[in-house]
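K.L.:
In case you want the letters, here they are:
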Amino acid sequence: MRFEAIHIPAYGPFTNASLDLREGRGRLEVIYGPNEAGKSSLLRAISDFLFGIPGQTHDNFLHTYGILRIRATVERGGKRLDCVRRKATAKSLRTADDDEVVSEELLRSFVPIESREVFQAMFGLDAERLQQGGEELLKGQSEFGQMLFSAAAGIAGLHDILKKLNDDAEKLFKPRASTPTVPKILDRLKESKDRLRQAQVSLTDWNRLQEDYQKARDEISGFQSAILLKQSEAERYKRIQISLGLLRRRGEIRDQLRLVENAPILRDGFAADHQKASSDLIVKAGEVQGSTRRVDDLRTQVEAIVLPDDLLLREEEILYSYQEVGIRRKAATDRFRLQTELRQAEAEMTQILRRLGEPPDLDRVPNLMARAADKRAIQDLSTTRASFDAEIQNVHESLAAAEQELKSAHQQLDELPPARSVGPLRSAVQNALLAGVSEVKARTLQKAATDESRKIVEDVKALPWTSSVEALESSALPADELVVEWTTRLDKTEQAVEQAEERLRTTKTEVSALENSLVAMQAGRSVPTLSQLAQDRQRRDLGWRAVRGAWLKGDTNSAEAQEFLQQPVDCSLLAKAYEDSVGKTDDTADKLRVDADQVAKQEQVQIAIEGIKREVAAFEAELNDARTARERAITEWRELWSPFQVDAGAPRQMAAWLQRRAGIVARLHAVEDKKKQASELLAESETAKQQLQERLSEIGEDTTPPSHSLTGWRSIADQVLQTEEHTAKQREKLSDQIETSKRALMTAKSHLTNANAKLDDWAQKWAVLMTGLGLPANTEPSAAQEVIRVREELQNQFQTAASHNARIAGIDRDEDAFREQLHRLLESVARDLLPMLEPEAIAELHQRLSVAMRQRDLRSTKGKDLEQEEKTLGKARRELEQTENVLKALAEEASCTKAERLPVMIEESARRKKLEMDLQQVEQQLATIGIGRSIAELEEEARGVDRDQIPGQLESIDRQIKELQTQLKSAEEKRITLENGLKRMADTTDSCAASADIEAYRAEVLEAVEQYMRVQLARIVLQGAVDQYREKTQGDMLKRSSDLFSLLTGASFSGLKLDWDDTGNVVLVGVRTLTDEKVGLYGMSDGTRDQLYLALRLASIELYTRDHEPIPFILDDILVRFDDDRAIAAIRALAELAKHTQVLLFTHHTHLVDLAKASLDASQLAIAEITSRTGTGSSTTTIS
Amino acid sequence: MFKFLHSADIHLDSPLRGIARYEGMPVDDIRLATRRAFDNLVRLAIEERVRFVLLAGDLYDGDWKDSSTGMFFVARMARLREAGIRVFLIAGNHDAANRITKSLRLPENVSFFSARQPETRILPEGDVAIHGQSFSNQSVFDNLAVGYPPKRPGSFNIGLLHTSVSGYEGHEPYAPCTLDDLCLKEYDYWALGHVHARQELCAHPRVMFAGNIQGRNIREAGPKGCVLVAVGEGNEILECDQVDLDVIRWGCAEVDLAGAATIDDLQERASDAIRTLMGEADGRPLVLRVEFEGATLLHDRLVEDSAWRDDLRALATDVGSESAWIEKIVLRTFPPGPSTSLAGPLDEVHQYLQSITGRSNAIASLEASVAPLLAKLPEDLKQEVFTWLEAGGERLPRLMTDAESLLMERLRGQGGAQ
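Protein chains in written order, with our numbering: chain A, 15 to 1198; chain B, 5 to 422.
Calculated directly from the structure, the hints in this document are not laboratory data.
Please note: incorrect hints may appear among the correct ones.
Below are the BS3-like pairs computed for lysine-lysine, each with C-alpha atoms no more than 25 Å apart in a straight line [unchecked claim]: (1) B/K7 - A/K198; (2) A/K689 - A/K185; (3) B/K155 - A/K204; (4) A/K229 - A/K244; (5) A/K207 - B/K380; (6) B/K189 - A/K185; (7) B/K332 - A/K198; (8) B/K189 - A/K198; (9) A/K976 - A/K988; (10) A/K207 - B/K386; (11) A/K185 - B/K386; (12) A/K689 - A/K298; (13) A/K185 - B/K380; (14) A/K455 - A/K475; (15) B/K189 - A/K204; (16) A/K188 - B/K380.
Predicted, not measured: the structure shown is a model, and the values here were computed from it.
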C-alpha cells in the first residue's frame, strides 16, 4: 500500500495544503521542510488520518474542532481509496466529498495495521528512536533473539519489559525470601490456624458446668414449692377472716326479703311506661275536639262558590280566536305589497314586447320565450367562427415571411468569396507546433547545461585539483583498485612500524626492569664475585711465591715481593701481608660459599640483561628499516599522484576524492548530452519554419517579409486557417437556410386551402339555426345572441307575475274562513256580542273567560284544605284509642283488675328487687373469696375458728415464708453465676473469628498466586515468542542486515556474524573489513550501533514486505548524526528499500536534500517541499 | 391454628469463603454471620409464637474439636425452651459424624431423631406427628424416604428428611429419593434439607427445601432464610411464607462493558448494577462479585493496570453508603472485533499463545516456574491451584488471554515513535 496524495483542507497550521506523491513510486521520497514548516504536523496528520483524530488534540489552534479535515488517497494493488478524516467520536471517515460515511474496515483493508501504536513503532523512525534503538541493542546484547524482536517491532525497552515482568513476579514471590506478598499472607494464614487451635473450648468443662447448673435449678424449684404451701395456708386464714362478716350480713337480708316475697316482679321500665300512658290520654282527647270544629267551617265555604260552565267548556276556542285577530292584521299588509309588485311586472313585460317589435299583448308572451338548446347552439357556432377567422389570418402572415427569408438567403450566398484548399498548410502548422515544444525544451536544456557547468566548476574548485575541469576528466588518475591496494600497503607498513615500536618499547621496558632488580639485589650488602675471588687468589699466590722465594731462596726483595708489597721489602711486612692475603682470600671464598645462590642469581640477571640489550639493538635496526620502508612507500604514493599536481593525502581520503571526482565526471557527461540534445532540437525547429513558409506561398499568401520567427509564421498560418474555416461555415449555414424557407412556404399554402373549406361548412349550419328562430339567415352572431338575452328577460317577468297572483288569492281565502268561525262561536256563548265589530267582540269574550277561570281556581284550593283537615281528625281519633289500649295492657301485665291500683303495686315490686340484689352481691363476695368453694363449704371452714386467734397464726406463717425466700434467693444467685458461665462459653467467638480469617487469607493467597501465574505466563510467552521469531527470521535477517550494515558503514565492516559469548549465549558481532576482526557491540562507537540498529530495522521491513502488504516507512530526520559518507550510504540503502515499499524521508536540512540529489540518479529520487507562508498573515500553506 | 418454622443447612460457625479483606469491611459481621443469622431464626420463632422449629440436617459443618459451636446452639435452644417452643432435629451428611452432636446434652425441648430407624414424635396435644431419621455417617446413599412410617390419621403429618431429591445437579446424591416417593406417604408437609436454594418442589402435598440461612460464598448469592408455615383447624396449610434471615447478602453484579470506552463508563455501569443489588439486599451489608463481560476497548488496559480496581472498590463503598463490599472482580471482557492484523513480532506473540495447547512446553515452563511457590502453599490450596493448570479447564485459557493482554499493553506502551 502507498500514499498517492495527501491533501489537508484544515489541520494544524495547514489550510488547503496538498502533497502529490504519484510520481514517487519506486523512488525514495524526500520531503523537505524548514523548521516551523509543519513537518511534524504533517507526520501527525498521517497517523491521524489512518487512526482518527484524538479527542484531545492541539491541532485546533488555527481551525476549530468542527472543521478539522485530513484527506488522502491510498493505493493498494491498483485499487484506490480517496477519503477524508474529520474529528468525531464516530463515523469520522467520509468520502472525498465529505458526504457519506466510509467504513473503517474499508480503510483497514488498504492499510492492514491494527493500531496507531503498532504503525508508529514498526513503520516510523526518528533520530531519537534510532539512538534509543542503538542503546537498547547494548542492553539486550546478550540475546540476539531479543535484538531481532525489538528491531522488527520497533520496540525500545524489550529488555525492560522482561525485567519488569520478573520484578512483578518477585514482588509476589521469590524463593528463599520472606518479604514478597505471598509469604507474608502465608504467615498470617498460619498464625490464624494457630489461633483457631488455641480458641477451642473443651466439652468436659462444659458438661460439668451444665450439671451444676441443673442441680441449682432443682434446688430452686424445691424452695419455690415450700413457699407456695405456706402462702396458701396464710390465704386460708385471711379468707376465714373475711367470710365470717359476710355470712352474718347474708342472714339479715334473707329475713327482710321474706316480708315482700309475694309482690309481683315488674319489669324494668314498667313504672315509666305507666306514667307516659296516663299523660298521653289527656293530650289526645284535646286534639280530637279541635279538629272536628275546623272540618265543619271549610265545608260551608266550598259550597258557596258557583261556576259559568258553558263559557269554560269553550275555553280553548276562545283563546285561539283571540290570537288569530293579530295574524289577520299582518296578512292584510302583505296583500297590499304583492298587488303593487304585480302591477310593476306587467308594465315591464309590455315594455319588452315593444323592444322586440311585437304588439303589447301580454297573452302572446308564452309564445316568445327562449329555448335553452337554441341559446347553446348560437354560442358554440359563434366561438367556432371566431377561431376560423384567426387561423386564416395566421396562414397569410406565414406565407409572406417565408418568401422574404428565401430571397435574403440567396442574396447573401452570392456575396461570399470562393473556397481555397488548406490541407497541407494545416499539417505544416501541426509540425510547427511540435517543433515549438522542441525549441522550448532545447532552451531549458541549454540553461540547465550552463548552470550545471558553472556548478561543476565550483565543485572542482573545492577539490584539491589545480588543473582545469577538462583535465580532471581526461587525466588517467590512479584506478580505485590501485588505491585500495595502496591502502592495504600503507596500512601494512604503518602496522610494521607500530609493531616494531611496540616490540622495542617492550624489550626496553624489560631491560630497565632487570636492571632495577639487579640494583635491588646488590643493595644492602656487598656480595663478592667470582672474579673478586680470582683476584684475591692471584694476589695470595703472588704473596706465596714471594714468601717461598724468601723462605727457600732467602730473597726477600724479589720482584714478586716488590710486586706483592709494592714497597721496599721488609720481612715482617711480607709475612703480615701474606697472612692478610691468605685471610682475605679465605674470607672471600667463605663469603662466596655462603652467598652462592645470590651470586648465581646476580650472574643470571647480568647475563639476561646483556642478552636483551642485544635484542634491543636488533629491534632498533628493525624499526629503522620499517620506518624507511614506510617513508619509501609514502614517497612512492606521493609520486604516483605528482603528475597530476595533486597533493596526495591518505589513501582513504583519496578514495573518497576519487568517488567525488567520478561523480563530477558523470555530471560533465550529462552536461554534454544535454548540449547535444539542445542543438538537435533547434535544427528540427528550423526545418519546420521553412515548410510553413512554403505552404503559405502555395495558397497565395504574401511571404516576402522574411524576418518572422517560427512562432510568427505559425500565428500567420493560424490566421489564414481560421478565416478559411469561418467562410466555409457561413456557406454551409446559408444553404441550410434556403432549404428551410422553401419547406415553410409549401406548408403555409396547404393550411390556407384547409381553412377555407371549414368556413363554408359553418355557414350552412348557421343558416338552418337562424331560420328556426325566425331570424334572417345572414344575421350576425352577436345580433342573434342579443335577441336571445332579451327573450330570457321577458320570461323572468312573466314568472314573477304568476307567483304574486297565486299568493293574493290565498290571503283572501284565509280571511273568509276566520269570519265564519267567529260568528259560530258568538252565537253559542254570547249572542249579546253579535252586533259588535269583530275585534271588540272577541276582546270582551276574552275578558269574561278570564273572570270564570279565577273562580274555578279558588274553589279547587278550598276543596284541598278540607280534605287535609279530615285526614288530621281521623289520625287523632286513632291515637286516642291506642293510648286507652296501652293502659289496659299494663293493668293486665301486673295481673291487676283495676288500673287505679297500679301505682301501689309498682312501689312493692321495687323493694323486693333491691333486697334480692343485695343478697346476690353478698353471695358473690363469698364466692370470690371462696375461690370455687360453696357457701356451705365456707360455713364449714369457718366453723370452730376463733376469730381472735387468726392474726397470730398469720404472723407465724409470714415468718416461715421469709426464711424460705432467703434460701431461694441464694440458690438463684448460684444459678445465675452458673448460667453466665455457660453463656460465656457459648458466646465465645474467637474460633469463629479465626476460621473466618483463615478463609480471608486463603482468598488473598489465591488471588496473589493467580497474579503470579499471569505474570510468569506472560514472561514465558514473551520469551517463547522472541525465540520463535529468532528461529524463523534469523537466517534471512542476518544475511540482509549484514549487507545493509556493510553498506551503511561505508564498508568499514564487511558484515555481521553470530558468535557465542562466555556464557554460551548467541550474540551478534560486526566483522572488520581489513582485519576480519570480530567487534562486539561494546566495541562499536555509538554511531556504528545506530547504523546497526538501522540495518536491522531496514532488513526487518524488507522481510515484512515479503509476506505482508507493504506499509509506507516514514522517517523523520534520522540522518542528523551521520557524517556525509554514511549519510550517503544510508540514503542509498533507503532508495534500495523504496523499490519494495514507499519510503518517506522527512528532513529540514537542505544539506541532506543535496546529498540525496548527488548520490542518487533521478529515477531513484523524488523530492517534495513543504513551504509555509503563515508569517505573512495569510493562513494558506503549500506543500510541494 | 398454629405455626411452625422449617429451617435447614445452618452450617453453624462455618466461615464465609473467598472474601479477601480490605479497609473498612464489616469484619465482625463476616466472622459471625452464621451465628447472627441463627439468632435471627430464634428471634423469629419467639416473635411469631411458633409451636415448634424443624431443623432438617447439617446444623454443623463438620467434626470440630471446638465445642463452643455446640454450646452456642444449646444456649439458643434454651431460649426457645423458655418461650415454650419445641425443636425437632435430624443429622445430615455434614454433621452425621459430629462428636459434639453425640456428646452434647441437649435441653429437653429438643428432640433428636435416631439414625438407626425412622421415628415418629407426636406432640403432647396429639394433633401433630413428625417423622424423621438422621444420617448415620457422612455418606448415606440409601433411599431413606421409602422407610418412613405411614401417616398418622387425624394428625398433621410432617416428614423431616435430609435428602438429595433426584434431579438436583451440583449436590452430592445423598439419601436419594424421588418426588413420588415423598408424595406416596400422604404427609401434609415435607421439611427437606441439603439443597441450599430455598424452593417449593410440590404444592400438594407441600414439599419444601428451606435452603440455608446464610450464604457462605458467591455460589450462594441472593436471599437466604427459612419457611414459616401456618396450619388451620382442619390441618390445612393456610400460609407458607419464605422469611429472610441472612445478615450478609451475597450478590453477583454482571456488568456488560460492550461499547464502553472509558473508566468513567465502567464506573457508571457498575454503579447501576450495584444499586440494583443494594435495593434487593434490603439494608443488609452486601458482599459483591463484579463480573465484567463484553467486547470493550478497555480490555487490555483493565488487565495491565490495577489502580481502577481500588477505585471501583471505593466506588462500591460509596454507592452502597458503606454497606456494599466487593469480594472479587472478575474480568471476562475481550477486545472488540477481530483485530485486523497484528504485524510482525506482535503477531508472533499472538501465534505463540495460540500454539500453546494442552500440556505444551510453555505449560511445563509455567508449572516449573510456579513450583517453588506451590511448595510453600498448604496442601489444600496447592490442590486447588493444580486444578487451574489442568488442560481443558476454564482457568487456563483465561490466564492465557490475560497474559496476552498484559503483554500487548506493555509492548505497545514501549512503541510510539514520533
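K.L.:
State for each hint whether it applies.
P.N.:
Verification of the supplied hints:
Simply put, B/K7 and A/K198 have alpha-carbon atoms about 53 Å apart, too far for the 25 Å limit, and the pair is violated. Proposed proximity of A/K689 and A/K185 is contradicted: the alpha carbons are some 77 Å apart, above 25 Å. With a C-alpha separation of about 53 Å, the suggested pairing of B/K155 with A/K204 is violated against the 25 Å cut-off. Annotation: proposed proximity of A/K229 to A/K244 holds, straight-line Cα distance about 24 Å (limit 25 Å).
Our distance criterion of 25 Å between C-alpha atoms is met by A/K207 and B/K380, whose separation comes to about 16 Å. Of the supplied pair hints, the one linking B/K189 and A/K185 is violated, its CA atoms being roughly 63 Å apart against a limit of 25 Å. Note on B/K332 and A/K198: the hinted pairing holds, with a Cα-Cα distance of about 20 Å set against a maximum of 25 Å. Proposed proximity of B/K189 and A/K198 is contradicted: the alpha carbons are some 58 Å apart, above 25 Å.
Between A/K976 and A/K988, the direct Cα distance comes to roughly 19 Å. Compliance with the 25 Å bound is thereby established for this hinted pair. With a CA separation close to 17 Å, the supplied pair A/K207 and B/K386 stays within the 25 Å bound. Distance restraint check for A/K185 and B/K386: the Cα-Cα separation of roughly 20 Å lies within the 25 Å cut-off, and the hinted pair is therefore satisfied. As the CA atoms of A/K689 and A/K298 are separated by approximately 162 Å, the hinted pair breaks the 25 Å bound.
The suggested pairing of A/K185 with B/K380 holds, with an alpha-carbon distance near 16 Å, which does not exceed 25 Å. For a cut-off of 25 Å, the pair hint linking A/K455 to A/K475 is broken: about 30 Å separates their Cα positions. Taking the CA atoms of B/K189 and A/K204, the gap is about 51 Å. The hint is violated against a cut of 25 Å. This hinted pair checks out: A/K188 and B/K380 have alpha carbons roughly 11 Å apart, not beyond 25 Å.
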